[in-house]
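J.: Sequence:
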Amino acid sequence: MEVAMMIENGYMGLKNGILDQSAILLSRTAHLTFINCKDTSHHLVRLPAGRRVPACRILLAFSGLRKSIIATGYNTRVDECRAAAATMLRMLGRPAETPLLGNVTLEEYDSLKERLEVELDPVLLRRSRHFFEESRRVHEGREAWAAGDLSRFGALMSSSGMSSIVNYECGCDPLIQLREILLNSPRGGVLGARFSGAGFRGCCVALVLADEAFNVAEHVKREYSKIQPELSREAPVLILDTGDGARVL
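Taken in order, the sequence shown gives residues 1 to 249; the numbers are from the UniProt record's numbering.
Don't read these hints as lab results, they were simulated from the structure.
Keep in mind that the hints are not guaranteed to be accurate.
Restraint ranges, calculated between C-beta atoms of paired labels, are given here [stated by the list, open to error]:
#  : residue 1 : residue 2 : range
1  : G93       : N184      : 45 to 55 Å
2  : G93       : E234      : 23 to 33 Å
3  : L92       : L238      : 37 to 47 Å
4  : G93       : S225      : 25 to 35 Å
5  : K226      : L47       : 33 to 43 Å
6  : P229      : V118      : 45 to 55 Å
7  : P95       : K226      : 16 to 26 Å
8  : D244      : P122      : 42 to 52 Å
9  : H42       : V118      : 33 to 43 Å
10 : K226      : T40       : 22 to 32 Å
11 : L92       : I227      : 21 to 31 Å
12 : E140      : T40       : 31 to 41 Å
13 : D121      : R46       : 37 to 47 Å
14 : A49       : G93       : 39 to 49 Å
Cβ atoms here follow ideal geometry from the backbone N, Cα and C, with glycine treated the same way.
Hey, can you work out the whole structure from these sequences and the hints?
T.: Here you go:
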């Protein structure tokens, strides 16, 4: 994971962390992978045994966009988060030598909310709001998954997607359109949907009821082709199950 991050940070010029590499290497079948990107620790969360949980599958709806995200606002968002962190750490009376929002706890953020509304630049305020509310959603999502409450988990996915658009201001028209198509699927087949990653290219990921997965996929293909006829030609929709991380065969 560290080598992959070194290549992306140093060679490719992408200011990303360890999330993608960790998910690729550490994930296990039928588990939720909970990752602490600050200390690189992780643990696996199973659905509860002995409780009736609706059968679900994962649906990936690709946008057809393949551009490099280095030329997008991806790196700018990282810089904005660091600027917000530096201001917050100064408010807390702590050195800002490592200005990362992860160095501010949720409790500290909550204690600063009123001051931040007044003193922090509006753009930085939105970036920090996304970071901390997203962190809160991750913890709530872990609890929902462990309890077998997939409706709640899906709702948190959708809230995450909306915050990515409104507060982190990432994404692009095709990905936003795909997300809306998924959430407007008939028969309640989609429990939740969001961008996979920053939303500047790639796909949306959705948690769907297994019995409705095919219907959702057909709905997405049909509706996306109406809005993005060119991109939809190279925009597959995949219905998948969880699996183990990358390994040597």
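J.: Evaluate each hint against the coordinates.
T.: Hint by hint, here is what the structure shows:
1. G93 / N184: 45 to 55 Å: 48 Å, holds
2. G93 / E234: 23 to 33 Å: 53 Å, violated
3. L92 / L238: 37 to 47 Å: At roughly 45 Å between Cβ atoms, L238 and L92 fall inside 37 to 47 Å, so the hint holds.
4. G93 / S225: 25 to 35 Å: 56 Å, violated
5. K226 / L47: 33 to 43 Å: 36 Å, holds
6. P229 / V118: 45 to 55 Å: The hinted range 45 to 55 Å holds for P229 and V118, with Cβ atoms some 47 Å apart.
7. P95 / K226: 16 to 26 Å: 54 Å, violated
8. D244 / P122: 42 to 52 Å: For D244 and P122 the Cβ distance comes to about 44 Å; the hint holds.
9. H42 / V118: 33 to 43 Å: Holds: the Cβ-Cβ distance is about 37 Å, inside 33 to 43 Å.
10. K226 / T40: 22 to 32 Å: Check failed, 44 Å falls outside 22 to 32 Å.
11. L92 / I227: 21 to 31 Å: 46 Å, violated
12. E140 / T40: 31 to 41 Å: 22 Å, violated
13. D121 / R46: 37 to 47 Å: Holds - the Cβ-Cβ distance for D121 and R46, about 42 Å, lies within 37 to 47 Å.
14. A49 / G93: 39 to 49 Å: Cβ of A49 to Cβ of G93: about 47 Å, so the range 39 to 49 Å holds.
Consistency with the previously given hints fails for numbers 2, 4, 7, 10, 11, 12, ordered from lowest to highest.
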